[in-house]
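Visitor: The primary structure of each chain is shown beneath.
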Amino acid sequence: MTGYSGVWVYAEHRNGVISKNTLEILGKGRELADKLCVELSAVLFGCNVSSSANVLTIYGADKVYVTDDEKLRNYKTRTYARLMTELILKHKPEIVLFTASTTGRDLAPRVAARLRTGLTANCIDLDIGDFEDKETGRRYEKILYQIVPAFGGNVVATIVTPFNRPQMATVRPGVFPPPEKIFRKGEIVLFKPEAIDVDEEVEVLEVNRSQEESSLENAKIVVGGGLGVGGPEGFKLLKELADSLGGCVGVTRPVTDAGWMPYDSMIGESGRTIRPDLYIACGISGALHHMIGVRGSRKIVAINNDPKAPIFEAADYIVIGDLFQIVPKLTEKVKKYVGAL
Amino acid sequence: MKGVINMHIIVLIKQVPDSREYVRIREDGTLDRERVRAVINDCDKNALEAALQLKEKFGSKITVVSMGPPKAEDALKEALAMGADEAILISDRRLRGSDTLATSYVLYKAIERLGHYDLIICGIESSDGGTAQVGPELAEFLGIPQATFVDEFKVIGGYVEAKRLVEGGYEKLRIKMPVLLTIMKNANNPRVTTFSGILKAVKKQVVTWTIDDVGAEEKKVGLAGSPTKIMKVEKLSFQRKRLMIEGETADEVVDNLLKRLVEDGVIRGGY
Ligand SMILES: Cc1cc2nc3c(=O)[nH]c(=O)nc-3n(C[C@H](O)[C@H](O)[C@H](O)COP(=O)(O)OP(=O)(O)OC[C@H]3O[C@@H](n4cnc5c(N)ncnc54)[C@H](O)[C@@H]3O)c2cc1C
Ligand SMILES: Cc1cc2nc3c(=O)[nH]c(=O)nc-3n(C[C@H](O)[C@H](O)[C@H](O)COP(=O)(O)OP(=O)(O)OC[C@H]3O[C@@H](n4cnc5c(N)ncnc54)[C@H](O)[C@@H]3O)c2cc1C
Numbered sequence: 001m002t003g004y005s006g007v008w009v010y011a012e013h014r015n016g017v018i019s020k021n022t023l024e025i026l027g028k029g030r031e032l033a034d035k036l037c038v039e040l041s042a043v044l045f046g047c048n049v050s051s052s053a054n055v056l057t058i059y060g061a062d063k064v065y066v067t068d069d070e071k072l073r074n075y076k077t078r079t080y081a082r083l084m085t086e087l088i089l090k091h092k093p094e095i096v097l098f099t100a101s102t103t104g105r106d107l108a109p110r111v112a113a114r115l116r117t118g119l120t121a122n123c124i125d126l127d128i129g130d131f132e133d134k135e136t137g138r139r140y141e142k143i144l145y146q147i148v149p150a151f152g153g154n155v156v157a158t159i160v161t162p163f164n165r166p167q168m169a170t171v172r173p174g175v176f177p178p179p180e181k182i183f184r185k186g187e188i189v190l191f192k193p194e195a196i197d198v199d200e201e202v203e204v205l206e207v208n209r210s211q212e213e214s215s216l217e218n219a220k221i222v223v224g225g226g227l228g229v230g231g232p233e234g235f236k237l238l239k240e241l242a243d244s245l246g247g248c249v250g251v252t253r254p255v256t257d258a259g260w261m262p263y264d265s266m267i268g269e270s271g272r273t274i275r276p277d278l279y280i281a282c283g284i285s286g287a288l289h290h291m292i293g294v295r296g297s298r299k300i301v302a303i304n305n306d307p308k309a310p311i312f313e314a315a316d317y318i319v320i321g322d323l324f325q326i327v328p329k330l331t332e333k334v335k336k337y338v339g340a341l
Numbered sequence: 001m002k003g004v005i006n007m008h009i010i011v012l013i014k015q016v017p018d019s020r021e022y023v024r025i026r027e028d029g030t031l032d033r034e035r036v037r038a039v040i041n042d043c044d045k046n047a048l049e050a051a052l053q054l055k056e057k058f059g060s061k062i063t064v065v066s067m068g069p070p071k072a073e074d075a076l077k078e079a080l081a082m083g084a085d086e087a088i089l090i091s092d093r094r095l096r097g098s099d100t101l102a103t104s105y106v107l108y109k110a111i112e113r114l115g116h117y118d119l120i121i122c123g124i125e126s127s128d129g130g131t132a133q134v135g136p137e138l139a140e141f142l143g144i145p146q147a148t149f150v151d152e153f154k155v156i157g158g159y160v161e162a163k164r165l166v167e168g169g170y171e172k173l174r175i176k177m178p179v180l181l182t183i184m185k186n187a188n189n190p191r192v193t194t195f196s197g198i199l200k201a202v203k204k205q206v207v208t209w210t211i212d213d214v215g216a217e218e219k220k221v222g223l224a225g226s227p228t229k230i231m232k233v234e235k236l237s238f239q240r241k242r243l244m245i246e247g248e249t250a251d252e253v254v255d256n257l258l259k260r261l262v263e264d265g266v267i268r269g270g271y
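Line by line, the protein sequences give chains A and B.
Counting in this note's numbering, the first sequence runs from 1 upward without gaps.
Counting in this note's numbering, the second sequence runs from 1 upward without gaps.
Please keep in mind that the hints were generated in silico from the structure rather than gathered at the bench.
Bear in mind that the values here come from a model prediction, so they are computed numbers and not experimental data.
Among the hints, a few may not be true.
To be verified - Straight-line Cα separation of at most 30 Å, DSSO-like style, residue types lysine-lysine; simulated pairs:
id, chain 1, residue 1, chain 2, residue 2
1, A, Lys335, A, Lys220
2, B, Lys219, A, Lys134
3, B, Lys235, A, Lys142
4, B, Lys57, B, Lys172
5, A, Lys220, B, Lys241
Claimed, not checked - A few chain A residues that don't get close to chain B, going by computed Cβ distances all over 10 Å:
id, residue
6, Ser5
7, Gly137
8, Gln211
9, Glu233
10, Pro262
Stated by the list, open to error - These stretches of chain B come out as covered by chain A in the derived footprint (C-beta under 8 Å, 3 or more residues):
id, stretch
11, 88 to 101
12, 146 to 152
13, 162 to 170
14, 236 to 242
15, 245 to 252
Don't be surprised by glycine CBs; every beta carbon is placed ideally from N, CA and C.
Chain B on its own, in the form it takes in the complex (with noise of 0.2 Å):
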């Protein structure tokens, strides 16, 4: 039928602890996932709900893409019965410690063994490493443009046109397929996954591979291949004066501290 675009989507989702639970950390810089209960990344969602709506409006097929330990599964589990087709997890214990050059070098060493794309969506930042590097340097790995605070997009013919914000307003650019889009959290409302998702998913089975299913060398990953090193990990220390405003009633505590901003030149007045 005329018009109607048969696209394949890529969609990288990265699974993250919970937030609001404790992370440890450890030795060697790394984090300790192992405790904590583990979940998609907040904006991933909105990323793979703005697919699935270009699924519905185009029908495309949707591919998810992961890296983490072998409990990404479920990350990628839930994905499925959110609506996507197919799922890869590249897991490989030689994959631990990768920064964001490494991590990047092996999700493109994994897009390209997919083959045929018209578009990849991310999230902006993980709610753990947060850098929000992983997708510009994977587009620059696979030689694609890309767009970056994205709020608002859509396609026309092999075109994107995308809203990303900037500080102080926005920038709309259009963009030539195959493009990726790093996708902001107010971009959508992620739907819930339903039972019949559920249902039809069990059937679908998340592919892992290992980075020799991907091609990728062992030198590039991992602590090894990773540029940045964390060094040390220590409390922040504040180095403040924490001294204690005294008074018996409310009137006396205000009235020693406003003597003490005073004092400190940081409020001018009769004190």
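Chain A extracted, bound-state conformation (with noise of 0.2 Å):
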């Protein structure tokens, strides 16, 4: 274990335009090794790519490891996971950081399993303490938290990865705000292994990228919609509330389920985190499942009729009362006072 420092971000990228959640997990893994007092280091790997590792070092990493090879043009697992193994070992970082993106999700379990050691899946948080072993009594000190959701209740887990090296972790995207630009003075290292060992036996036949992405998560202001807005004509309401302020509605599972909106409008575990200035939920009850997808919200009001709904104590504004009214007349002061924003 000893020998082991610093803090890895493996980049990810479409056509050499970092993705994002890259970013916020940079500006994450920025505080986490200022904690430790190591240096932060980002893995890029693709085709072209080179000129893209400055946007790393822009956003705080002291260090960016490039591997830029033709051979690297199309993800493969096995490929990325064999040349991602590699670097880990020749360098031995304390702490390596994945988006859990498709990608991240498909990738961080091969390298985890390749160097035998834990990986912690969809973070919301992370941070540096001290572990102590109940059966020793040893301490462990600054060791990486990890922290995710568990089910069956309102509570969060924090997993340790104490006695492996590196400790490993997929993050969910959008739960760190996104960094500012710190201009770090970053050292590029190519890294140019003696021969890039290539997936043969996969062969990527296509690749389609082409969708949009969703407006959620971009927008300052989300209203949200639970059951409790009994369907799709209220819906309308909503959306009209969304509309006179700018934003866009967003939804719990069960009214994706319910098939009275695009699967794609769910937030929560299952679905998409945003971080707007407003959230506004009307009709939810304010499980963890749907919550943990608007923790990084300025504001949340929450709009039930329910005084005991769990929503109310995650809540900065508390609305008790039957949404069918509400809503509508905050539609209409809006559309009276608020004016365009």
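From the two separate chains plus the hints, produce the assembled complex.
Guide: See below:
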């Protein structure tokens, strides 16, 4: 375990454009690295990506390991996993972070299993702290706290990987704010393995990533609707409110299960994570599954006719009442007084 | 007959607590599964359905494998009733507290013991642990390729052509078998168990293996063999203002709310 030092972030990109979620964990990675007094490094694989490396230093990396090769043009699980493992074994970071995207969740477990180390999935927060082994009474200092939502009640679990290195985690997209540019004077390190061990058993036939990103994640104001909205008709009221505020509508899972609203408008554990200035939750009970997706909102308003609704525990402003009365009134007044934003 | 492939398909099934019921977490961070109704993990049914459709087309043998407590036998019996041919349960007290690395190691040892296979199908993620890591970690132990988040696939010759969902679209891969796939919930509609299926399954046995039977090393399984540890479980604190917006009428309530929001600077306006 000794000799492992530094925090790493695996950088995802689309045609060289670093993903927003990578920058989010880079921001958190900077914070962790500062707490540990170690370097923050990013790892960038691909073809014609070298010129993007400086973006990662601008957002806080001390070092960027780059492998730029024609053989890495398309993401292939095993090609990338072998390369990543080789790099980790060579430089021995103590922490390696991935975004919990479809790529990160495909790649990270492969790498973790190769290294026979632990991997914590879908973290909503990370921190550094001590861990006491109850069996031996020994204390381990400066361990990575990996915080994940646990099911069956409004609880979160702190998971640690005290005895293996590196400590690895995937991080839910959207849980950390986008970082500030800090223009770090970073070092770009080209990593050229003797041979890139390409997975010949897999052929990438087609890659289509043309669908637009949902506007939900970027909206400043989101009006959320749950089962209390009652059906597609009710969602028209929510849409009007959202429109009057220049925002979007998001929903709970049962709402998409019922087919009232499209799947990609779902917020929470199984859906999107948003961090708008304002979240107005209408007819939503406040299950943790949903609330972890809105935790980063600056202000939360909850409108619910049940005074005991759990969502009131997690709201800034509590409105006890019938949404069918409150929401149209709100729309009317917003149109009148608030005007265009 | 030419063109007919006789495949051996392994389907991985996890028994999970019914997500509509409450689960208790023990002091040591493990789950108290005793008191809740247990069901087959949702998308594992889709994994089995995909295998059953291949069997109908190509005439395959389907082995369902699960690691879990003795009562996970019920999940495997249900899989047999749906049409699986053989069922293996790896059950051993020493497995308690296994994380994904330990779990995939045990599943790897069990699959090695099963011998030849062409295809392994898992669900994307369980509804309890929900890491989506067991599939890829198992594929790594076995040294075979994988395709995760698959919502459509077909078998052509010795290859699988799979469509996997990615942010903003999809990828299509052609992969040499044997391969491990993790299947999405929307990939198909799992069949319901029929009475004749249940009758046929009565004759089939669930075979139970211990870690010694599969040749897994004790120090690599259970709590001791798991690199990740649950340190603590606590209530998520939201730290919000929780201010009640008062008012005699809906009008007043809305006025008071808008005033606050303007003060906070999250909306602009004439309040
Ligand atoms: C593995 C798993 C993953 C999940 N992932 C997600 C996820 O990603 N996102 C998600 O949202 N859920 C998810 N869920 C479901 C989650 O546990 C809750 O069941 C769900 O969030 C509840 O949705 P709801 O608040 O719309 O409905 P309910 O819990 O039924 O709440 C409806 C609320 O509306 C109120 N109401 C009714 N009528 C009115 C009215 N006229 N005016 C005002 N209020 C009214 C009621 O008082 C009630 O509080 C998941 C569940 C599981 C098991
Ligand atoms: C709150 C909580 C958080 C956890 N977080 C982590 C974590 O971050 N990292 C970690 O390593 N462990 C974690 N665990 C432990 C993890 O749940 C167990 O290792 C579990 O045995 C398998 O993982 P999973 O449920 O996440 O399965 P997933 O990887 O989500 O399951 C994917 C698929 O693999 C197959 N599969 C999974 N388990 C079995 C099985 N027992 N038998 C047969 N097939 C199976 C199924 O086809 C399933 O659909 C956590 C547990 C809890 C309670």
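Visitor: Which earlier hints can't be squared with this structure?
Guide: Per hint list: single violation, 8.
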